[in-house]
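Top line first, the protein sequences correspond to chains A and B.
In terms of the working numbering, the first sequence opens at residue 1 and continues consecutively.
In terms of the working numbering, the second sequence opens at residue 1 and continues consecutively.
You may find that some hints are simply not true.
With a straight-line cut-off of 30 Å between C-alpha atoms, the simulated DSS-like cross-links for lysine-lysine are [what the hints assert, rightly or not]:
{"hint": "1", "chain 1": "B", "residue 1": "Lys-341", "chain 2": "B", "residue 2": "Lys-321"}
{"hint": "2", "chain 1": "B", "residue 1": "Lys-288", "chain 2": "B", "residue 2": "Lys-324"}
{"hint": "3", "chain 1": "B", "residue 1": "Lys-44", "chain 2": "B", "residue 2": "Lys-24"}
{"hint": "4", "chain 1": "A", "residue 1": "Lys-288", "chain 2": "B", "residue 2": "Lys-315"}
{"hint": "5", "chain 1": "A", "residue 1": "Lys-288", "chain 2": "B", "residue 2": "Lys-288"}
{"hint": "6", "chain 1": "B", "residue 1": "Lys-341", "chain 2": "B", "residue 2": "Lys-288"}
{"hint": "7", "chain 1": "A", "residue 1": "Lys-44", "chain 2": "A", "residue 2": "Lys-362"}
{"hint": "8", "chain 1": "A", "residue 1": "Lys-394", "chain 2": "A", "residue 2": "Lys-405"}
{"hint": "9", "chain 1": "B", "residue 1": "Lys-44", "chain 2": "A", "residue 2": "Lys-315"}
Ranges of calculated distance between the beta carbons of each label pair, as one might list FRET restraints [what the hints assert, rightly or not]:
{"hint": "10", "chain 1": "B", "residue 1": "Glu-110", "chain 2": "A", "residue 2": "Thr-368", "range": "25 to 33 Å"}
{"hint": "11", "chain 1": "A", "residue 1": "Ala-320", "chain 2": "B", "residue 2": "Glu-110", "range": "47 to 55 Å"}
{"hint": "12", "chain 1": "A", "residue 1": "Lys-44", "chain 2": "B", "residue 2": "Glu-223", "range": "50 to 58 Å"}
Bear in mind the hints are in silico, worked out from the structure with no lab data behind them.
Beta carbons are placed, not taken as given, at the ideal position from N, Cα and C, and that holds for glycine.
Number of protein chains: 2
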Amino acid sequence: MSQRALRGNSLDAALAETHNVIGKRLERSEAIREQHAHGESWHKAGLPDAVAFVESKAEVAAIAAICNAHKVPLIAFGTGTSLEGHVTAVQGGITMDMSRMNRMIAINAEDCDAVVEPGVTRLQLNEAARHHGLMFTVDPGADASLGGMASTRASGTNAVRYGTMKENVLALEIVLSDGRIIRTGTRARKSAAGYDLTKLFVGAEGTLGVITELTLRLFGIPETVISAVCSFHTLENAINTVTQLIQFGVPIARVELLDDVQMDAVNRYSGLNYPAVPTLFFEFHGTKISAADHVSIAREVSRENSGSDFLWAEKEEERAKLWKARHTAYYAALALRPGSKGWSTDVCVPISRLAECILETKRDIIETGLLAPIVGHVGDGNFHLAHVLDPNDKALLEKTYAFNKRLVRRALDMGGTCTGEHGIGNGKIESLQAEAGASVDVMRDIKRVLDPNNIMNPGKIFLTNAGQKASAIDYAF
Amino acid sequence: MSQRALRGNSLDAALAETHNVIGKRLERSEAIREQHAHGESWHKAGLPDAVAFVESKAEVAAIAAICNAHKVPLIAFGTGTSLEGHVTAVQGGITMDMSRMNRMIAINAEDCDAVVEPGVTRLQLNEAARHHGLMFTVDPGADASLGGMASTRASGTNAVRYGTMKENVLALEIVLSDGRIIRTGTRARKSAAGYDLTKLFVGAEGTLGVITELTLRLFGIPETVISAVCSFHTLENAINTVTQLIQFGVPIARVELLDDVQMDAVNRYSGLNYPAVPTLFFEFHGTKISAADHVSIAREVSRENSGSDFLWAEKEEERAKLWKARHTAYYAALALRPGSKGWSTDVCVPISRLAECILETKRDIIETGLLAPIVGHVGDGNFHLAHVLDPNDKALLEKTYAFNKRLVRRALDMGGTCTGEHGIGNGKIESLQAEAGASVDVMRDIKRVLDPNNIMNPGKIFLTNAGQKASAIDYAF
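Start from the sequences and build out the full structure, keeping to the hints where you can.
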């Protein structure tokens with residue numbers, strides 16, 4: 001019996017009542033359901049029974065109350081760029097497309113904050129903020145929706161200086177499973193007023209409620225931005241450089257590590273001729289004087305760690321050129337084997353263990369016979385692998401899955417976490433259990449009390465019953 | 001009937017069983033119970049029935065299980081420096097003194113983190129970190145325990161640059177109400193693995209569990225620290241200076257505002273001769289070059305806002321002299337009326353509303369006939385009042401209480417919060433209800449599922465039953 005049938009819910013009644021609320025914006029075509037059945041990952045897609053294109057929090061609240069009454073799953077969907085099966089409708093139900101809730105409600109320049117609806121994307125916000133001399137700094141690569149980024153606790157290249165979504169969401173408006181609407185904070189920059197509900201909903205992957213408004217932190221656009229690239233003989237040297245710079249308190253805005261395989265890939269893909277060795281891509285933000293000072297310290301520390309001379313640039317187009325290798329990393333990796341698919345995964349460890357973790361992982365890649373370039377947000381101890389693979393090679397998929405479990409085990413054994421920024425979704429449920437143990441019971445308790453009918457994005461982060469076994473993995477490829 | 005009698009619990013059995021666990025370290029003397037009945041505030045003390053001096057998490061877990069079985073309140077106590085009645089035993093029970101759990105478990109210099117027991121104080125941690133070239137930056141003034149600081153989401157002068165306890169607690173070990181022990185995170189610098197339980201327990205004021213271990217973030221001690229003082233004709237000018245510096249992205253490490261009344265007080269108290277006008281106390285951290293650059297920008301922006309010339313200092317003893325006015329602010333305020341007591345309160349608003357909020361508050365102070373100097377963590381929009389009052393003047397206490405309610409209302413109406421850093425305790429329960437509304441129901445739900453017998457520091461943050469009326473305020477003075 002399917003999980004869906006097990007729910008024994010009243011889907012037809014829920015659909016009829018939802019239709020009464022939003023009319024033709026409740027879509028049931030196969031094509032639209034398929035579009036909303038997956039993110040950008042290897043997980044098997046589970047189709048929702050319908051997609052609701054909502055336009056207001058009142059509609060979200062009404063539909064939540066309907067789904068709750070009929071015990072029908074409700075899944076919020078942003079841009080579909082998540083990587084661990086977060087939006088897959090594993091138990092069917094209604095997927096709520098938030099993209100039409102994209103009003104920019106306010107940009108408060110003096111307070112360096114913005115109030116937006118969840119469908120606004122990060123580039124849209126940045127475009128609006130730019131006119132006030134401000135920027136929104138969280139950059140996970142994709143032009144994701146801000147609601148989705150909050151829900152997955154998104155991060156990215158700027159996190160080492162400006163924080164992740166955890167640090168950049170000041171307050172949320174949330175529709176709870178029964179349709180109640182709450183606000184989790186104010187526009188005050190800090191507060192000691194009660195439980196931090198904002199941080200509870202950030203990263204909850206839509207399992208506790210639906211975000212209908214966000215108050216976000218902005219930063220002043222720096223006077224000067226300097227990019228730099230530096231090659232190293234060994235991974236240890238590259239990572240030691242970063243560790244030392246952080247200890248010195250040099251506020252690096254971005255620092256990305258590409259390994260030898262990844263550098264080779266970008267050289268081929270973009271016609272560049274960097275040495276195919278571990279390479280750091282830096283970005284420094286500040287005043288003219290302070291940014292130059294930080295570059296000179298970084299150059300000195302790199303040199304002490306046998307780094308190459310710095311290639312560096314200050315003008316926007318030159319910086320773009322310099323960072324091109326980083327920005328095209330994923331496509332360059334895929335191009336190593338034409339016709340391949342990418343399977344992306346990440347872990348995060350204390351930075352003191354990063355070199356060791358990456359080196360062991362590289363050994364494992366070679367021994368297992370995989371092709372998986374590494375890119376690291378090295379200032380945070382976070383690194384990514386892009387498995388480049390033939391989607392029809394089932395044995396390879398199984399090997400990759402097993403490899404990823406070893407990767408997580410290795411990170412946990414080093415005091416790290418099973419995911420630095422991709423999240424749990426339904427792809428890393430076992431990994432979270434391995435990492436968090438009894439804490440998962442507390443998460444489950446919180447879920448149960450806030451969503452007693454388990455309608456909010458069910459089957460994600462943890463299994464609802466502690467005794468339940470994870471289902472076998474199906475590959476989307 | 002007293003709240004305590006209403007619990008209908010088995011106190012004697014709980015005390016006997018606790019005695020079996022820790023023997024003579026369960027103290028019942030009046031003197032020790034009184035010491036543990038209050039923080040440093042105006043709230044009436046509620047004496048616990050006994051004080052348990054615990055020495056290990058196993059003891060904490062055993063005592064929690066005992067209290068839970070017998071429905072006896074359990075209150076964790078650090079150094080007793082909180083300001084809103086957080087540790088008052090309003091329903092009696094066992095207060096657990098955490099001060100003997102003060103092991104420094106690890107300082108991981110490469111990772112810029114420390115693992116400590118909750119009884120370690122912030123100065124103890126700083127002393128240990130200093131030998132590694134590192135510092136712990138959260139500074140609420142008092143040398144509070146780190147467990148207490150996490151529980152109250154403490155903050156202070158450095159928050160504008162380095163964050164509050166929210167940003168500086170990486171992970172916690174928690175004993176839950178039934179004695180289970182969980183860990184809420186790892187030493188990884190960031191994670192997207194499940195609900196952020198760390199942030200749920202930070203600021204929960206001991207109502208969800210007892211902290212038995214903390215992983216904390218450290219920062220490198222900056223190469224250069226420069227302090228500066230600048231006077232302004234008006235509050236608006238002072239505050240505009242700070243707003244502009246933050247928008248420019250100048251990473252000010254501290255920026256404190258003292259109003260005219262407070263400056264007059266410190267002049268008298270410390271024999272200084274600052275102009276008795278709104279004054280900013282700055283601190284800049286960085287490399288020699290970047291710190292000097294930031295000072296010069298701050299000086300320029302101050303001048304544009306009609307600020308005085310900068311008094312500034314770089315050597316440690318000179319910096320201490322310069323900041324003396326700020327450090328003695330509270331005692332200087334009390335000395336304005338010998339024999340007075342201090343009643344401290346705080347709110348936090350968006351920085352764009354800070355000048356307006358402080359000015360309205362000053363008008364209200366004058367109209368109400370109060371003596372209440374103002375000190376602001378102005379970079380965060382957070383400010384404090386120290387009511388200097390005669391503890392025997394009941395009419396004045398009532399007036400002060402009513403004034404504080406107006407202050408909170410004013411902050412909320414400006415999009416702010418009822419407390420930036422002091423917390424709710426039992427002093428601001430009505431304020432939180434006014435601020436958070438339906439969100440308090442969600443907090444109550446979480447409390448109920450994690451602490452079904454309501455033993456963990458009951459009567460704090462919110463009333464357990466939504467319908468319950470707050471009891472009339474009794475003053476400790």
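Hints versus structure:
1. The straight-line distance between the Cα atoms of B:Lys-341 and B:Lys-321 is roughly 26 Å, inside the 30 Å bound, and the hint therefore holds.
2. Straight-line distance between C-alpha atoms of B:Lys-288 and B:Lys-324 comes to about 24 Å, which keeps the hinted pair within the 30 Å bound.
3. Between B:Lys-44 and B:Lys-24, the direct Cα distance comes to roughly 28 Å. Compliance with the 30 Å bound is thereby established for this hinted pair.
4. With a CA separation close to 26 Å, the supplied pair A:Lys-288 and B:Lys-315 stays within the 30 Å bound.
5. For a cut-off of 30 Å, the pair hint linking A:Lys-288 to B:Lys-288 stands: about 15 Å separates their Cα positions.
6. Distance hint between B:Lys-341 and B:Lys-288 is unfulfilled; the C-alpha atoms sit about 43 Å from each other, more than 30 Å.
7. Annotation: proposed proximity of A:Lys-44 to A:Lys-362 holds, straight-line Cα distance about 27 Å (limit 30 Å).
8. The suggested pairing of A:Lys-394 with A:Lys-405 holds, with an alpha-carbon distance near 17 Å, which does not exceed 30 Å.
9. For the hint pairing B:Lys-44 with A:Lys-315, the CA-to-CA distance comes to about 63 Å; that exceeds 30 Å, so the pair is violated.
10. For the hinted restraint 25 to 33 Å between B:Glu-110 and A:Thr-368, the CB-CB distance of approximately 29 Å keeps it satisfied.
11. For A:Ala-320 and B:Glu-110, the Cβ-Cβ distance of about 33 Å falls outside the hinted range of 47 to 55 Å, so the restraint is violated.
12. At about 54 Å, the CB distance of A:Lys-44 to B:Glu-223 agrees with the hint of 50 to 58 Å.
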